[in-house]
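Please build the complex by placing chain B on the supplied structure of chain A, with the hints as guidance.
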Amino acid sequence: MAEGTPLFKVTIDGRTVEVPAGTTILQAARKIGGEVTPPAMCYYSKLQGSGGKCRTCLVEVSKGSDKDPRPMPKLVASCRTTVMDGMEVKNVTSEKVLDARAGVVEFLLINHPLDCPVCDQAGECHLQDLSYEHGKADTRYEFQRRVFEKHSLGPYIQLHMTRCILCYRCVYTADQLTNKRQHGILDRGDHAEIATYIEKSLENDFIGNVIDVCPVGALTDRTFRFKNRVWFLKPMNAHRECPNCCGKVTLWNRGDEVFRVTARKDEWGEIEDLPDGKTAWICNECRFEKKKTSDWVIEGPREINRHSVISQGHYVNAVVPNETFPEVMGREPRIKLQIHDVSEVNEPDRNISLIEGPAHSDDFKD
Amino acid sequence: MSVKLLLDKANIEGIRYYDAWRKNGGYAAVEKALKMTPEAIVDEVKKSGLRGRGGAGFPTGLKWSFIAKPEGVPRHLVCNADESEPGTFKDRYLMEFLPHLLIEGLIISSFALGSNVTYIYIRGEYAWIPDILEQAIAEAKAAGWLGRNILGTGFDCEIYVQRGAGAYICGEETALIESLEGKRGNPRIKPPFPAIKGVWDRPTVVNNVETLTAVVPIINMGGEEYAKIGVGKSTGTKLISACGNINKPGVYEIDMTISVEEFIYSDEYCGGIANGKRLKACIPGGSSVPILPANLLLKTAKGETRMMNYESLSDGGFATGSMLGSGGFIVFDEDQCVVRHTLTLARFYRHESCGQCSPCREGTGWMEKILKNIEFGKGKLSDIDLLWDIQRRIEGNTICPLGDAAAWPVAAAIRHFRDEFEWHVLNPQESQVRNYGLAHYADERNVVA
Chain A
1 MAEGTPLFKV
11 TIDGRTVEVP
21 AGTTILQAAR
31 KIGGEVTPPA
41 MCYYSKLQGS
51 GGKCRTCLVE
61 VSKGSDKDPR
71 PMPKLVASCR
81 TTVMDGMEVK
91 NVTSEKVLDA
101 RAGVVEFLLI
111 NHPLDCPVCD
121 QAGECHLQDL
131 SYEHGKADTR
141 YEFQRRVFEK
151 HSLGPYIQLH
161 MTRCILCYRC
171 VYTADQLTNK
181 RQHGILDRGD
191 HAEIATYIEK
201 SLENDFIGNV
211 IDVCPVGALT
221 DRTFRFKNRV
231 WFLKPMNAHR
241 ECPNCCGKVT
251 LWNRGDEVFR
261 VTARKDEWGE
271 IEDLPDGKTA
281 WICNECRFEK
291 KKTSDWVIEG
301 PREINRHSVI
311 SQGHYVNAVV
321 PNETFPEVMG
331 REPRIKLQIH
341 DVSEVNEPDR
351 NISLIEGPAH
361 SDDFKD
Chain B
1 MSVKLLLDKA
11 NIEGIRYYDA
21 WRKNGGYAAV
31 EKALKMTPEA
41 IVDEVKKSGL
51 RGRGGAGFPT
61 GLKWSFIAKP
71 EGVPRHLVCN
81 ADESEPGTFK
91 DRYLMEFLPH
101 LLIEGLIISS
111 FALGSNVTYI
121 YIRGEYAWIP
131 DILEQAIAEA
141 KAAGWLGRNI
151 LGTGFDCEIY
161 VQRGAGAYIC
171 GEETALIESL
181 EGKRGNPRIK
191 PPFPAIKGVW
201 DRPTVVNNVE
211 TLTAVVPIIN
221 MGGEEYAKIG
231 VGKSTGTKLI
241 SACGNINKPG
251 VYEIDMTISV
261 EEFIYSDEYC
271 GGIANGKRLK
281 ACIPGGSSVP
291 ILPANLLLKT
301 AKGETRMMNY
311 ESLSDGGFAT
321 GSMLGSGGFI
331 VFDEDQCVVR
341 HTLTLARFYR
351 HESCGQCSPC
361 REGTGWMEKI
371 LKNIEFGKGK
381 LSDIDLLWDI
391 QRRIEGNTIC
401 PLGDAAAWPV
411 AAAIRHFRDE
421 FEWHVLNPQE
431 SQVRNYGLAH
441 YADERNVVA
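Going line by line, the protein sequences match chains A and B.
Read in order, the letters of the first sequence are residues 1 to 366 in UniProt numbering.
Read in order, the letters of the second sequence are residues 1 to 449 in UniProt numbering.
Pulled out of the complex, with its shape left as it was, chain A reads as follows (with noise of 0.2 Å):
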């Protein structure tokens, strides 16, 4: 932020927040945090001009400004536009904002495989979390689904191109991480994909991170394809000295074994910045080669802050109710099966401490 850039106002679902001139309405939400935030499937504020096309962050502007109070007059993408002094948005509070966020899910699923149970990002997959949250549990989708041939992009990157949601992001990567983008979008509509065009494999030292920017599991790790699932795996953080980059990741251990090797990714699914601002990509070798224990200093255990299943357990800060059933329902729980309903056997009346041996289920009978 450079020096005296004015501070705006802006209110978000009726929470005021002040952000610098020049912030988007999506950072400005992740500032608030919880369901303030609109959810992002192509956004990521790392990558340079990304944004802007999957729609599932759209908000509405009931307030353009103090200046110009007029709303807007479409629903914005709220990961481009920047805010404005008193400015007010509506996320969750907008049925508009809502029911298209319902409908671009809708689109966002109806030619993805929902093959979660055999696909290695499921349980970090971003989808996955945005169908929960917004997304029906049926489709109205009666059409073959578009598929594509599954391709290995080299030795480390199967790119499974029918799950992709063409966000773009690894096409922004590969353009601000590397000196030559090898991958782009082939054709166009809801035939368009991503392809190295004739064959090729990706060869860059810092090509693997497009698995950790694919919000979905378009593009996945080779060496980790098919070992296990993201959630029996406990995160640790690691370092070592690399030649190449930060060193800085997170190893996902079972037991004393890695599995994989990731960067280390933020409350948002984004990679971290390290403490002099610059972003935490990893190089290949870190990624990829080093699957050792041996190679790395533990830090120790690291928080995963993903509302997404690899969470599920940790009960970090989960808030158990103090209330009763009673107290909330107004009766007591009804048990669909009595037990004395359809068997005789235990009896209630009958003292168990008074049999002789084991029980046998003639003691039960009369």
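Simulated from the structure, these hints should not be mistaken for laboratory data.
Even for Gly, the Cβ is constructed at its ideal location relative to N, Cα and C.
Do not take every clue at face value.
[What the hints assert, rightly or not] A few chain A residues facing chain B, derived, Cβ under 8 Å:
| id | residue |
| --- | --- |
| 1 | GLY52 |
| 2 | ARG55 |
| 3 | MET72 |
| 4 | LEU75 |
| 5 | ALA77 |
| 6 | ILE110 |
| 7 | ASN111 |
| 8 | TYR141 |
| 9 | ILE185 |
| 10 | GLY189 |
| 11 | ALA192 |
| 12 | PHE259 |
[As the list claims (entries may be wrong)] With beta-carbon atoms standing in for the labels, derived distance ranges:
| id | chain 1 | residue 1 | chain 2 | residue 2 | range |
| --- | --- | --- | --- | --- | --- |
| 13 | A | ARG15 | B | LYS233 | 39 to 49 Å |
| 14 | A | GLY22 | B | GLY72 | 17 to 27 Å |
| 15 | B | LEU426 | A | ASP266 | 49 to 59 Å |
| 16 | A | ARG15 | B | TYR160 | 51 to 61 Å |
| 17 | A | GLN48 | B | GLU13 | 52 to 62 Å |
| 18 | A | LYS291 | B | TYR160 | 49 to 59 Å |
| 19 | B | ASP19 | A | GLN48 | 49 to 59 Å |
| 20 | A | PRO333 | B | GLY317 | 53 to 63 Å |
| 21 | B | GLY437 | A | GLY22 | 35 to 45 Å |
| 22 | A | ASP85 | B | PRO401 | 24 to 34 Å |
| 23 | A | GLN48 | B | LYS233 | 38 to 48 Å |
Using the frame of chain A, we list chain B on its own:
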């Protein structure tokens, strides 16, 4: 006889070439304009009330005044000749037969905007037209109207012709700019608008061919005179490319004071419906604007006569009106099937969607599949509601107007012709062999005694 400002010289022999053009008063507007100041030209265009002829109808003078003028940064004018809207072919006519009119308009506009390098982005399918334009540019350059220090005013201007690769989406101004820069033709996310950051991040104005040619008569006759032609905010003349089931398809110049009925039935223009059939429906402004049934086309919902101008055609909003759009006037007679037509358009938009944003990418494909089912007798009644729901969720939620353009025709077809859709669903066998016909859409004049 109506006023002709653009096509008045179209029938002179050899008008495509410089000599004939110059002999018939060509380049007089450039001579006049280069003696004015750029601000004065922008003022004239503002006074003329000229509205963008590409479809949106945004006031041109206002657009020109938005262009950022940072010190030391070049500005660009880009001529949008990527005329890919189905049913629209007016720009092709202008470029093919009156290339010097466009060059003249480009020189004046470049001077007004301070653009020293001006581009014509032309669609790839117009394979033979770049040669015509390039020849015209060479002739103009040889005669001293282009190049360095034009007419001793110190103004330099070069015009380059850039061919597109045949994508509808590149008619959207930011996609056009991306394509012009040699990238994939994906629309940019706005803001920033091209007036601030356009070609190579420099301030840019993108204008339609017809808009730029209209600058020539504005300079020749003065903005106030030009504004007297037409009615209300629809000033000047508009080219309409009429096609479909009419006797005389072609490009017509109208002065926006005639009625739709006159345009379709008078011998000066379309000459009535072909083969003595009756009028069923019409798309008045290029494929993406809502289709109107005959009764709403000739008369507005209030019972007034509908005129061929921006306001009258959009009277009643999208519920009972449409848009003048780009002037692609497509007429349907009683033998046409609206469901089949909607399917054709849905297929087009599915094919042309760039695939950047999800509602348009997935929604256009979905709509096409549903429409295909309905058209070929496999539809369900719930499919019609589903179509409505899909188009509602595409419209307004996309990056560029292609999403809207894909949603509007489907919405209008269901809105006005729902019984035809239902008839298709309920009579799957019969709908394969005959058409629904006119039903109640017909205007009184259609009823055969």
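Quick rundown of the hints versus the structure:
1. GLY52: It holds, given that the least Cβ distance between GLY52 of chain A and chain B is near 4 Å, below 8 Å.
2. ARG55: Where the cut-off is 8 Å and the nearest Cβ of chain B is about 5 Å from ARG55 of chain A, the hint holds.
3. MET72: Given a least distance of 11 Å, the restraint on MET72 of chain A is violated.
4. LEU75: 6 Å, holds
5. ALA77: Result: holds, 7 Å to nearest chain B Cβ.
6. ILE110: This hint holds: ILE110 of chain A lies near chain B, its Cβ roughly 5 Å from the closest one there, short of 8 Å.
7. ASN111: At about 6 Å, which falls below the 8 Å cut-off, the nearest Cβ of chain B leaves the hint on ASN111 of chain A intact, so it holds.
8. TYR141: 7 Å, holds
9. ILE185: Holds: closest Cβ of chain B sits about 7 Å from ILE185 of chain A, inside 8 Å.
10. GLY189: For GLY189 of chain A, the interface hint holds, since the closest Cβ of chain B sits about 4 Å away, which is under 8 Å.
11. ALA192: 4 Å, holds
12. PHE259: 32 Å, violated
13. A:ARG15 / B:LYS233: 39 to 49 Å: 43 Å, holds
14. A:GLY22 / B:GLY72: 17 to 27 Å: 24 Å, holds
15. B:LEU426 / A:ASP266: 49 to 59 Å: For ASP266 of chain A against LEU426 of chain B, whose Cβ atoms are near 56 Å apart, the range 49 to 59 Å holds.
16. A:ARG15 / B:TYR160: 51 to 61 Å: Hint holds: Cβ distance 52 Å, inside 51 to 61 Å.
17. A:GLN48 / B:GLU13: 52 to 62 Å: Holds, since GLN48 of chain A and GLU13 of chain B (Cβ atoms, about 56 Å apart) stay within the stated range.
18. A:LYS291 / B:TYR160: 49 to 59 Å: The hint (49 to 59 Å, Cβ to Cβ) holds, given that LYS291 of chain A and TYR160 of chain B are roughly 55 Å apart.
19. B:ASP19 / A:GLN48: 49 to 59 Å: Roughly 53 Å apart at Cβ, these two residues keep to the hinted range, so it holds.
20. A:PRO333 / B:GLY317: 53 to 63 Å: Hint holds: Cβ distance 56 Å, inside 53 to 63 Å.
21. B:GLY437 / A:GLY22: 35 to 45 Å: 59 Å, violated
22. A:ASP85 / B:PRO401: 24 to 34 Å: Holds, since ASP85 of chain A and PRO401 of chain B (Cβ atoms, about 30 Å apart) stay within the stated range.
23. A:GLN48 / B:LYS233: 38 to 48 Å: At roughly 41 Å between Cβ atoms, LYS233 of chain B and GLN48 of chain A fall inside 38 to 48 Å, so the hint holds.
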